[in-house]
Each structure stands twice: as C-alpha cells, then as structure tokens.
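All chains should be modelled from the sequences, with the hints used to inform the complete structure.
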Amino acid sequence: MTPRRRRLVLVLGILTGVSIAGGLALSAFRQNVTFYFVPTQVADGKVHPGESFRMGGLVAKGSVYRKPGSLEVHFTVTDFKHQVPVIYTGVLPDLFRENAGVIVHGKMLPDGVFLADQVLAKHDQNYRPPGIHQKWGIDHGDPRDPALNAPANRAAAQVALNAGSAQ
Amino acid sequence: MSSFGSFGAFLDMGGYAAFVWPSYALTLAVMGLNVFWAKRLLARSRQVARRRLAIQEESRLAAEAST
Amino acid sequence: MAWTWFHRLASPPHVYRTAERLTPWFAWSAAILIVAGLIGGLYLSPPDYQQGDGYRILYVHAPSAWLSLLVYTTMAVAGGIGLIWRMKVAHAVAASCAPIGASFTLAALVTGSLWGKPMWGTYWQWDPRLTSELILFFLYLGYMGLRAAFDDVQRSDRISAVLAVVGVINVPIIHYSVVWWNSLHQGPSVMYLGKPTMPPSMLVPLLIMFVGFTLFFAAVLLMRLRGEVLIRERAASWVREVVHS
Chain A
0 MTPRRRRLVL
10 VLGILTGVSI
20 AGGLALSAFR
30 QNVTFYFVPT
40 QVADGKVHPG
50 ESFRMGGLVA
60 KGSVYRKPGS
70 LEVHFTVTDF
80 KHQVPVIYTG
90 VLPDLFRENA
100 GVIVHGKMLP
110 DGVFLADQVL
120 AKHDQNYRPP
130 GIHQKWGIDH
140 GDPRDPALNA
150 PANRAAAQVA
160 LNAGSAQ
Chain B
0 MSSFGSFGAF
10 LDMGGYAAFV
20 WPSYALTLAV
30 MGLNVFWAKR
40 LLARSRQVAR
50 RRLAIQEESR
60 LAAEAST
Chain C
0 MAWTWFHRLA
10 SPPHVYRTAE
20 RLTPWFAWSA
30 AILIVAGLIG
40 GLYLSPPDYQ
50 QGDGYRILYV
60 HAPSAWLSLL
70 VYTTMAVAGG
80 IGLIWRMKVA
90 HAVAASCAPI
100 GASFTLAALV
110 TGSLWGKPMW
120 GTYWQWDPRL
130 TSELILFFLY
140 LGYMGLRAAF
150 DDVQRSDRIS
160 AVLAVVGVIN
170 VPIIHYSVVW
180 WNSLHQGPSV
190 MYLGKPTMPP
200 SMLVPLLIMF
210 VGFTLFFAAV
220 LLMRLRGEVL
230 IRERAASWVR
240 EVVHS
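Residue numbers (numbering that gives the first Met the number 0), protein chains in the order written: chain A, 0 to 166; chain B, 0 to 66; chain C, 0 to 244.
Derived by calculation from the structure, the hints in this document are not laboratory data. Just so it is clear, CB atoms sit at the ideal spot from N, CA and C, and this is done for glycine as well. Do not rely on the hints blindly, as some may be mistaken.
Claimed, not checked - Here are the simulated EDC-like cross-link-like pairs (lysine to aspartate or glutamate), alpha carbons at most 20 Å apart as the crow flies:
(1) C:LYS116 to A:ASP93
(2) C:LYS116 to A:ASP116
(3) B:LYS38 to C:GLU19
(4) A:LYS106 to A:GLU50
(5) C:LYS116 to B:ASP11
(6) C:LYS194 to A:ASP123
(7) C:LYS116 to A:ASP123
(8) B:LYS38 to C:GLU232
Unchecked claim - Covered, in the sense of this in silico footprint (three residues per stretch, anywhere, with C-beta under 8 Å from a C-beta of chain C), are these stretches of chain A:
(9) 1 to 14
(10) 32 to 38
(11) 88 to 94
(12) 114 to 121
Below, the structure written as structure tokens:
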C-alpha cells in the first residue's frame with residue numbers, strides 16, 4: 000500500500016488501540032472508579048464494609064432534623080427504592096435542602112446509620128428565574144426559607160434511624 | 000429589564016461577588032493573554048524568517064563572489 | 000478535481016494570506032458577541048431561583064469548557080492530518096491550538112472550582128468530569144512540553160501529533176462522564192436535541208457566549224497560524240514579500 004495509506008492505518012490503529020485499552024481499563028476498575036453509590040447499592044451490600052465511601056441520592060422530604068444547640072443534623076438519603084439514615088455534624092452547604100440532591104462521604108456504622116464527614120449538595124442542570132413554577136424543573140424552593148427545612152419531630156427521626164436501610 | 004436594583008447590588012452579585020467577579024476577571028485575562036501571545040509569536044516568527052532570509056542572502060552573495 | 004481546495008489549503012502562502020485576511024472578521028464578531036454575552040449574562044438575565052446571581056459563572060465557565068474540548072479535538076484532527084498527509088500546515092494548526100486550549104481548560108477548571116465552593120460546598124472533588132478535565136489540562140501541557148523537547152520542528156510536529164491523537168479519547172470521556180457515571184457535576188446544560196434546561200432569557204446569552212468564544216478561538220488560531228507557518232517555511236520567495244511588508 001502507499002506510504003500515505005500506511006500512515007492512515009497507523010493513526011487509525013492508534014486511535015482504536017487507545018479506545019479499546021481505555022474502555023477495558025475503565026470497565027475493569029468500575030468498582031473503584033465509582034464516585035458515589037446510591038442507597039440501593041448500599042443496601043445490596045455492594046460497598047466494601049469498613050471503608051469510607053460516598054453515597055448520593057435525594058434528601059428525603061421531612062427527614063431533616065437538627066439537634067438544638069449543636070451542629071448535629073440527621074437526615075435520610077433516598078433513591079426512592081431504599082433509604083439510608085445519615086448523621087452529620089457540621090455546617091451544611093447553602094443548597095442543602097429536602098427533595099434535593101446530596102452526596103455524603105463517610106462510613107457505615109454497624110447499626111445501619113451512615114456517619115458522614117462531608118456533605119455536598121448536588122444540583123441539576125436546570126436553571127430558572129424565581130417565581131416560575133414547575134416549568135423548568137422541580138421546585139426546590141428558596142434555600143434560604145427556613146420553613147422548608149422544618150425539623151421532623153424527634154420521634155419520627157428516631158423511627159427513621161431504627162429502620163436503617165432495612166426498607 | 001434587569002433584576003439588579005442598584006449598581007451596588009450588581010457588584011454584590013447576590014452575595015456571590017467573591018466567586019463571580021474573579022471568574023469573569025480570570026476568563027477575560029485568559030482572552031487577553033491569548034491575544035498577547037499570538038501577537039508575540041507572529042512578531043518573533045517574522046524575526047526568525049527575516050534572519051533566515053538574510054543568512055540565505057549572505058551565502059548566496061558569498062557563493063557568487065567566489066566564482 | 001475536488002481535492003484542489005484541499006491542496007490549496009496545504010499551500011503555506013495561501014494559508015498565510017487567507018489567515019491574515021480573515022482574522023479581523025473573526026476578531027470583531029467575537030468581540031461584539033462576547034460583549035453582548037457579558038451584558039446579557041451578568042446584567043440582563045434573571046437570577047436563578049436556587050443559585051441566585053451565583054449561577055452567572057455559567058456564562059464564562061461553560062464556554063471555556065466547550066473551548067477546551069473543541070480546541071483539543073481540532074489539535075488532534077490537525078495532528079492526524081499532518082501525520083497522514085505529511086502536511087506542514089496541518090501541523091502548524093495543531094501547534095497553534097495548544098496554548099489556546101490549555102489556557103481555556105485552566106479557566107474552566109478555576110471558574111468551575113469557584114462555582115463549586117458556594118453551590119456544592121467544595122472547591123474540588125475527584126469526580127469523573129472534573130478529573131478527566133484536569134487530565135485534559137495535563138495533556139495540553141504534555142503536548143507543549145513534548146514540542147519544546149525537540150529542536151527539529153518536523154520531528155516535534157510528528158511526535159506531538161501522536162500524543163494529540165492518543166489523548167483525544169479523553170474528549171468523549173469528559174463529555175459523557177456525567178451521563179456514564181455517578182458524578183457530582185451536573186448533566187449537560189445545552190443539548191442539541193434535548194429540551195432546553197433554562198428559559199430563553201437565560202439561554203440566549205449563553206448561546207451568544209458559546210458562539211463568541213468559538214469565533215475568538217478562530218481569530219487567535221488564525222493569528223498563531225501565521226507565525227507557525229512562517230517558522231516552518233524555508234526562506235521561500237513569498238516569505239520575503241511577507242516579512243518585508
């Protein structure tokens with residue numbers, strides 16, 4: 000074949016080879032490449048026990064409880080199939096609120112509660128001006144409105160904690 | 000048409016000024032740098048080309064002189 | 000034949016003169032669109048219901064990220080063409096791209112970080128999108144470093160072109176990372192065939208910025224291309240005209 004044809008084959012070969020190698024590497028390391036697990040995966044035991052990991056989902060509506068006089072907060076992360084109760088002590092990000100995305104980092108305690116050392120708010124790619132409801136995405140409401148993070152009463156929080164991820 | 004009540008409010012960016020303004024400043028700086036680098040490259044390349052031409056001219060004259 | 004335009008494209012004097020002629024058009028239209036986009040994004044568009052005015056970083060972050068990918072793809076395609084067709088002009092295009100792409104990748108990373116801190120709660124996470132974009136930045140740096148390592152322009156052209164082609168697999172990874180894997184970074188804001196993720200009052204300035212940034216890339220590329228083409232020419236007669244004008 001002509002020298003140019005040979006060079007064309009070489010370049011395409013490099014491209015193909017790198018793509019295959021990359022694809023294989025990524026699929027082989029999928030477990031370690033996973034940035035976060037969802038509650039269902041946690042419930043299914045897909046996470047190595049005893050290790051710190053990240054869990055992502057939505058903050059279950061009505062599940063946020065702040066312990067008065069401290070920075071301790073309890074809430075539940077859900078993917079609508081499973082729930083995992085979380086305890087976190089610290090300042091929450093501005094965009095943290097119920098029915099919104101969250102990614103927590105920490106460890107699973109033996110009683111089924113997730114002890115978080117970091118809480119990040121995850122937001123979707125929808126943007127819209129205030130006051131226009133339901134047209135451009137779920138209305139999470141104004142994060143600065145304290146009523147939206149109304150603490151669940153203590154009993155409800157306790158029930159959620161006891162239930163753990165058994166749902 | 001704008002949502003900002005005053006110039007002060009505009010500068011404040013709803014409390015996010017410390018994040019918004021540096022972002023815009025950096026991006027504009029990157030644009031400025033790109034223009035500057037491009038002009039500098041062109042100027043330097045012209046210098047290199049001029050020098051190459053001069054050397055070529057010299058050797059051509061030297062070759063002619065020796066014949 | 001149909002290939003005459005291709006061969007004309009390969010002619011350094013033609014490319015030089017065309018680049019010189021076209022640059023002002025791209026530069027001025029870029030400037031107008033970017034100024035319009037700045038006014039639209041910073042001032043005219045409404046605040047976001049959850050991020051307030053903080054979301055306005057979008058108007059510089061997303062176009063920068065777009066350029067980081069567009070420029071690398073251009074660099075890889077130009078490098079590939081240069082390798083296959085042994086075309087000096089193609090290598091000149093690739094070389095011109097690198098500093099542009101690297102600087103906008105850095106802009107995307109830093110503006111993204113500044114946006115992440117108030118909204119997510121962190122300046123950085125090793126999530127798939129952020130990590131692969133950082134890798135892209137290192138690819139650009141590696142490309143420029145590799146170029147500088149060789150005195151012979153031809154050799155540095157060829158070797159860096161191979162790196163560019165190898166690294167291009169990172170581009171679809173970056174783009175689809177938010178779709179393929181769980182990540183902190185949200186999904187795409189602008190999709191060709193999808194529903195828009197924001198109302199026109201917010202979307203229009205963003206699209207203006209995307210086009211403006213792209214035209215800016217074209218203008219800077221054409222400027223750098225002239226320099227790169229000159230360097231690769233032995234002292235040909237057309238160079239004499241250009242240099243002494």
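Hints, one by one, checked against the model:
About 10 Å separates the Cα atoms of LYS116 of chain C and ASP93 of chain A, which keeps this hinted pair within 20 Å; it holds. For the hint pairing LYS116 of chain C with ASP116 of chain A, the CA-to-CA distance comes to about 17 Å; that is within 20 Å, so the pair holds. With a C-alpha separation of about 12 Å, the suggested pairing of LYS38 of chain B with GLU19 of chain C holds against the 20 Å cut-off. The suggested pairing of LYS106 of chain A with GLU50 of chain A holds, with an alpha-carbon distance near 6 Å, which does not exceed 20 Å.
A distance of roughly 17 Å separates the Cα atoms of LYS116 of chain C and ASP11 of chain B; the hinted pair therefore holds under the 20 Å criterion. A distance of roughly 14 Å separates the Cα atoms of LYS194 of chain C and ASP123 of chain A; the hinted pair therefore holds under the 20 Å criterion. Restraint check for LYS116 of chain C and ASP123 of chain A: satisfied, since their Cα atoms lie roughly 16 Å apart, inside the 20 Å limit. Restraint check for LYS38 of chain B and GLU232 of chain C: satisfied, since their Cα atoms lie roughly 19 Å apart, inside the 20 Å limit.
Look at the stretch 1 to 14 of chain A against chain C: 7 of its residues bring a Cβ nearer than 8 Å to a Cβ of that chain, three or more, so the hint holds. Check result for the stretch 32 to 38 of chain A against chain C: holds, 6 residues qualifying (beta carbon to beta carbon below 8 Å, three or more required). With a cut-off of 8 Å between beta carbons, the stretch 88 to 94 of chain A has 4 residues touching chain C; three or more are needed, and the interface restraint holds. Residue count for the stretch 114 to 121 of chain A with a Cβ under 8 Å from a Cβ of chain C: 5. That meets the three needed, and the coverage hint holds.
Violated hints: none; the structure is consistent with every hint.
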